[in-house]
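Q: For reference, the chains in residue letters:
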Amino acid sequence: MIYSQLQKLSQLNWSIIFLIILISAIGWGLLISAAGGDINPWASKQVIRFCVGLIIMLTIALVDLRWWLHFSYLFYGISLVLLVGVEFSGFIGKGAERWIDLTIIQLQPSELMKIALVMALARYFHSQTPPLTLQKLIFPAGLILIPVVLVLRQPDLGTAMILLMVGGGLFFVAGVRLWFFGGAIIAAGASLPILWTFLHDYQKDRILTFFDPSQDALGKGYHITQSKIALGSGGLWGKGFMQGTQASLNFLPEKQTDFIFTLLCEEWGFMGGAFLILLYVGLIVMSYRVVMTTQNSFGRFVAAGMTMTFFLYVFINIAMVMGLLPVVGVPLPLVSYGGTAMLTLLMGFGFLLNVGLHRTLKIPRLSIGLL
Amino acid sequence: MSERENTQFLRRSLCIGVFQVCLILILLGRMYYLQIIEGPYYQLLAEGNRIATRPLVPLRGHIYDRKGIPLSHNETSFRVVLLTDKRDELFDTLETLATLIPLTEEEKESALKVVRRKRGLDSVIVKDNLTWAEVSTIELHSSDLPGLSVEVGSARTYPEHLKGAHLLGYVSSPSEQEQEIDPLLTIPGLKVGKGGIEKNFDTRLRGTPGHSAFEVNSQRKVVRELHQNPSLPGEDIHLTIDSELQSYAQEVLSSHDSGAAVVIDIHNGDILAMVSNPSFDPNLFPQGIGHKDWDELRDNPFVPMTNKAISGRYAPGSTVKLFVALAALKAGLIDKDTSIYCPGFVSVGDHKFHCMHSHGSVNVTRAIAESCDVFFYEIGKKMGIDLMSSVFQDLGIGEGGLEGFPQVKKGLVPTKEWKQQNKHQKWTVSDTIMTSIGQGFMLSTPLELSVTMARLLSGKRLTPRLEGKGETSFEDMDYDRSHLDIILEAAQQVANSPNGTAYRNRIFQEGYEMAGKTGTSQVRRITMEQRKAGMTKTHHLAWKFREHGLFVGYAPIHAPRYAIAVVIEHAGGSGSAVQVARDILLKAQLIEKGQ
Numbered sequence: 001m002i003y004s005q006l007q008k009l010s011q012l013n014w015s016i017i018f019l020i021i022l023i024s025a026i027g028w029g030l031l032i033s034a035a036g037g038d039i040n041p042w043a044s045k046q047v048i049r050f051c052v053g054l055i056i057m058l059t060i061a062l063v064d065l066r067w068w069l070h071f072s073y074l075f076y077g078i079s080l081v082l083l084v085g086v087e088f089s090g091f092i093g094k095g096a097e098r099w100i101d102l103t104i105i106q107l108q109p110s111e112l113m114k115i116a117l118v119m120a121l122a123r124y125f126h127s128q129t130p131p132l133t134l135q136k137l138i139f140p141a142g143l144i145l146i147p148v149v150l151v152l153r154q155p156d157l158g159t160a161m162i163l164l165m166v167g168g169g170l171f172f173v174a175g176v177r178l179w180f181f182g183g184a185i186i187a188a189g190a191s192l193p194i195l196w197t198f199l200h201d202y203q204k205d206r207i208l209t210f211f212d213p214s215q216d217a218l219g220k221g222y223h224i225t226q227s228k229i230a231l232g233s234g235g236l237w238g239k240g241f242m243q244g245t246q247a248s249l250n251f252l253p254e255k256q257t258d259f260i261f262t263l264l265c266e267e268w269g270f271m272g273g274a275f276l277i278l279l280y281v282g283l284i285v286m287s288y289r290v291v292m293t294t295q296n297s298f299g300r301f302v303a304a305g306m307t308m309t310f311f312l313y314v315f316i317n318i319a320m321v322m323g324l325l326p327v328v329g330v331p332l333p334l335v336s337y338g339g340t341a342m343l344t345l346l347m348g349f350g351f352l353l354n355v356g357l358h359r360t361l362k363i364p365r366l367s368i369g370l371l
Numbered sequence: 001m002s003e004r005e006n007t008q009f010l011r012r013s014l015c016i017g018v019f020q021v022c023l024i025l026i027l028l029g030r031m032y033y034l035q036i037i038e039g040p041y042y043q044l045l046a047e048g049n050r051i052a053t054r055p056l057v058p059l060r061g062h063i064y065d066r067k068g069i070p071l072s073h074n075e076t077s078f079r080v081v082l083l084t085d086k087r088d089e090l091f092d093t094l095e096t097l098a099t100l101i102p103l104t105e106e107e108k109e110s111a112l113k114v115v116r117r118k119r120g121l122d123s124v125i126v127k128d129n130l131t132w133a134e135v136s137t138i139e140l141h142s143s144d145l146p147g148l149s150v151e152v153g154s155a156r157t158y159p160e161h162l163k164g165a166h167l168l169g170y171v172s173s174p175s176e177q178e179q180e181i182d183p184l185l186t187i188p189g190l191k192v193g194k195g196g197i198e199k200n201f202d203t204r205l206r207g208t209p210g211h212s213a214f215e216v217n218s219q220r221k222v223v224r225e226l227h228q229n230p231s232l233p234g235e236d237i238h239l240t241i242d243s244e245l246q247s248y249a250q251e252v253l254s255s256h257d258s259g260a261a262v263v264i265d266i267h268n269g270d271i272l273a274m275v276s277n278p279s280f281d282p283n284l285f286p287q288g289i290g291h292k293d294w295d296e297l298r299d300n301p302f303v304p305m306t307n308k309a310i311s312g313r314y315a316p317g318s319t320v321k322l323f324v325a326l327a328a329l330k331a332g333l334i335d336k337d338t339s340i341y342c343p344g345f346v347s348v349g350d351h352k353f354h355c356m357h358s359h360g361s362v363n364v365t366r367a368i369a370e371s372c373d374v375f376f377y378e379i380g381k382k383m384g385i386d387l388m389s390s391v392f393q394d395l396g397i398g399e400g401g402l403e404g405f406p407q408v409k410k411g412l413v414p415t416k417e418w419k420q421q422n423k424h425q426k427w428t429v430s431d432t433i434m435t436s437i438g439q440g441f442m443l444s445t446p447l448e449l450s451v452t453m454a455r456l457l458s459g460k461r462l463t464p465r466l467e468g469k470g471e472t473s474f475e476d477m478d479y480d481r482s483h484l485d486i487i488l489e490a491a492q493q494v495a496n497s498p499n500g501t502a503y504r505n506r507i508f509q510e511g512y513e514m515a516g517k518t519g520t521s522q523v524r525r526i527t528m529e530q531r532k533a534g535m536t537k538t539h540h541l542a543w544k545f546r547e548h549g550l551f552v553g554y555a556p557i558h559a560p561r562y563a564i565a566v567v568i569e570h571a572g573g574s575g576s577a578v579q580v581a582r583d584i585l586l587k588a589q590l591i592e593k594g595q
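Those sequence lines, one after another, are chains A and B.
The numbering of the first sequence is my numbering, which starts it at 1 and goes up by one.
The numbering of the second sequence is my numbering, which starts it at 1 and goes up by one.
These are computed hints drawn from the structure, not numbers from a lab.
Model, not experiment: these values are computed from the prediction.
The beta carbon of each residue, even a glycine, is placed where N, CA and C say it ideally should be.
Wrong hints could be hidden among the right ones.
[To be verified] Short, incomplete list of chain B residues facing chain A, as computed with Cβ under 7 angstroms:
hint : residue
1    : Ser13
2    : Gly17
3    : Gln20
4    : Leu27
5    : Met31
6    : Leu34
7    : Gln35
8    : Ile36
9    : Glu38
10   : Tyr42
11   : Leu45
12   : Ala46
13   : Arg50
14   : Asn217
[Claimed, not checked] Taking beta-carbon pairs under 7 angstroms as the criterion, some of the chain B residues facing chain A (in silico):
hint : residue
15   : Gln8
16   : Phe9
17   : Arg12
18   : Leu23
19   : Arg30
20   : Gln43
21   : Asn49
Sequences and hints are given; from them, build the entire structure.
A: What follows is the structure in structure tokens.
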């Protein structure tokens, strides 16, 4: 038993794991710089969390894929209940407090949902026979929209965007006809004014600020203005490790969390930023190889969903700190300080590695019950 | 999983992949734009965020007289300043300070006001010129006074005996208007020249401010000092003034209510002394003048704030006879021996122009020495105003002199055009007659008069100067040397012939004798009634109606060097002006001989 587990471990896609560790290590370096050369308070905690996350990732990777297929709806159900629980249990503080405390790692149901939605959709599309008629799409559309609405009410714009786009992406690769997307976009456009009323004032401000940050350079546009100054002043090679003046003199807000990419670019310049983006691209390409080579439907939907999620994290965060998107509170994957996003991402990669391990496995399109 | 399903999945995944590659390229492009193309711009902004500067006040240049004697000092002064990066605790700190040293509500409020306005790191001066006791009290309690510190500055002082406010001017803090025009003047502790030399040479004296650069964090608290760019002290100014003569002239002049005197070296135009009386001590100003002193200066009837040597415009009176005679000689209307009979008056139409008394038959030399008006009425009538004014202008009246020096005014040489434009009347013979004895419309300043004297002596188009050394070359004027000599001979007789109008107040010491021409300047015409009652002089009238006394002269007569013009306001005659000129000219020669 143990031998067979070890054998499976050795068969994992180690280049993916290596890239994950490399990117995370870059993050630790940046956290040390952000703390003025100290591993406390951020880098040390981040390393411990990463180790825990890595164990969880490997554990998920080694379990039989069919087992995950079997429990995917249950997983979705539990996540949904937790999400509703957060919504109604009343321990939502102001704005962004939406945690469930598991002592070592705080868990955010909305993060869990990012994994669960991919699993549930993968299972659903795995079991469907083409053509995908409109009736067949009502259930998966519900799977996407219910958590999106709940998350928006929290309100967490970033997660809602990711859920919606990953869901849409899976619809797309599943072979849903293109006119469906056209219709969805029109419907979304029509509901935008309604959506706007869901938003908190600070979120509206952030979106308005995005369109004209200079209008209020010392107020609400301060974050993005200072972020662009920090990033731009890095130049080609950057100011050097711990030499970022914008970061060390506290002009750069949230330098250890959402704006850590700015810190990287200020201290390591265009070359540093481009290098990290290159590593992300490498990781995404590796993940696509898993998607392309997997021979069972469930597996490749899961892999595709996880890859898209990861990509969205990278894109939204970097576009946000460079002023291309509103500040919606999406961390830079594996690099930003914080436990929940890292756990989500490592779990996601756990499933991706799992799929890679079981890529040749044939899973019949059986109609199992909901559980 | 059918083959069709499979290919569709792969194709669509590829689509998403391509889409993602595009998005990544957008990110890289944006990064390239921000960091490489706009990089220098953002670097500038980051530096602006990071660096704040504190200006360093330059030391003001010194003013020296012609012998290198300093006429200004920068004395060390102590002031308590507030560093604006610690503005939070400001109010309490000022209250604490007020318990330690005398601090008025006004001073507190102005400090608070300035702090609210400032964004940089400059300090704000709370109180200047602390005493030693105050300095040590503040140092002792420094832990209770966050943000306050004692700074060493410099205070400008001037030698008291000079009473040199007119000549030297003074410095004071720039006004808000001046600060708006030149933001450099907002530097705390920087003073600008107000009046006199200090203003005339302000930009050269001021120097170049430096600055210290500090690294600050986002709360604008100082993290560390980065570098210092020291200030450059201002240039020293070496004047042509002889401070000993200046101080002596001021003293001599101060025995009269109000007046002015200018002494020029005829070899190079150096102004050796330029005084206006009453004067005041410029030391009153640099630290801000008190209300009492200010009111006293402002309400004084002898207008001490005005520099009469350059801005006092007086009718030159009989002093112009020298110039009118020169004009007549030049025009060939008279020669050395031409005689004119003076019956004591001249009639033009039904108006009589009077002389002091009947001089009988006079030539030009006697006419100048005894100041016969009728002689000049007659030659004035003959030559007409055009020729007369052109000679006046040639000699320097209406030029002003000392371009750019504060308060400098120009005299007035009346012409036919001038009268038409300003009075809208035709020029009359009476106007010419009045002008030929320096009355009527004509005006000149003491500085101009001293320049005309210097030009008569040198025969060159000399201009006065306050700064500079050595010989200067001036162009020759178009006058016959023999004509000039006739005029100078007459001027010598004024002071040295027993009939001369200045004979009583001549210089007795042999070898030091002076020459010149007296003049009186009517403030109000003597009425016919008064003349009938036997009044020809005004010294017993109320002060402000008395005539001004003037003297234009030079010394020594055998080797002329010093040209002088003296005006004593409302002296009621020229005697006191001659006395003042005599004393100053003698002193100038004694200083030259080292006595």
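Q: Are glycine 17 of chain B and chain A close enough, Cβ to Cβ, to be under 7 angstroms, as the hint says?
A: Because about 6 angstroms separates glycine 17 of chain B from the closest Cβ in chain A, which is inside the 7 angstroms limit, the hint holds.
Q: Can the hint on isoleucine 36 of chain B be confirmed by a CB-to-CB distance to chain A that is less than 7 angstroms?
A: holds (6 angstroms)
Q: Would the hint on methionine 31 of chain B be counted as holding, given a Cβ-Cβ threshold of 7 angstroms to chain A?
A: OK, holds: methionine 31 of chain B within 7 angstroms of chain A, min 5 angstroms.
Q: Next item in the hint list is alanine 46 of chain B. Is there a CB on chain A closer than 7 angstroms to its CB?
A: This interface hint holds because 4 angstroms falls under the 7 angstroms limit.
Q: Any CB of chain A closer than 7 angstroms to the CB of glutamate 38 of chain B?
A: With Cβ-Cβ at 5 angstroms, under 7 angstroms, it holds.
Q: Do the numbers back the hint for tyrosine 42 of chain B, that is, is its least Cβ distance to chain A under 7 angstroms?
A: holds (3 angstroms)
Q: Close enough to count: is the Cβ of serine 13 of chain B nearer than 7 angstroms to one in chain A?
A: Holds - the Cβ of serine 13 of chain B comes within 7 angstroms of chain A, reaching about 5 angstroms at its closest.
Q: Close enough to count: is the Cβ of glutamine 20 of chain B nearer than 7 angstroms to one in chain A?
A: holds (5 angstroms)
Q: Restraint: leucine 23 of chain B near chain A, CB-CB cut 7 angstroms. Satisfied or not?
A: It holds, given that the least Cβ distance between leucine 23 of chain B and chain A is near 5 angstroms, below 7 angstroms.
Q: Per the CB criterion, is glutamine 8 of chain B less than 7 angstroms away from chain A?
A: holds (5 angstroms)
Q: Given arginine 50 of chain B was flagged as interface, is its beta-carbon under 7 angstroms from a beta-carbon of chain A?
A: Holds - the Cβ of arginine 50 of chain B comes within 7 angstroms of chain A, reaching about 5 angstroms at its closest.
Q: Would you settle whether the hint for leucine 27 of chain B is holds or violated, based on the nearest Cβ-Cβ distance to chain A being less than 7 angstroms?
A: Given a least distance of 5 angstroms, the restraint on leucine 27 of chain B holds.
Hint compliance for this structure: every hint is met.
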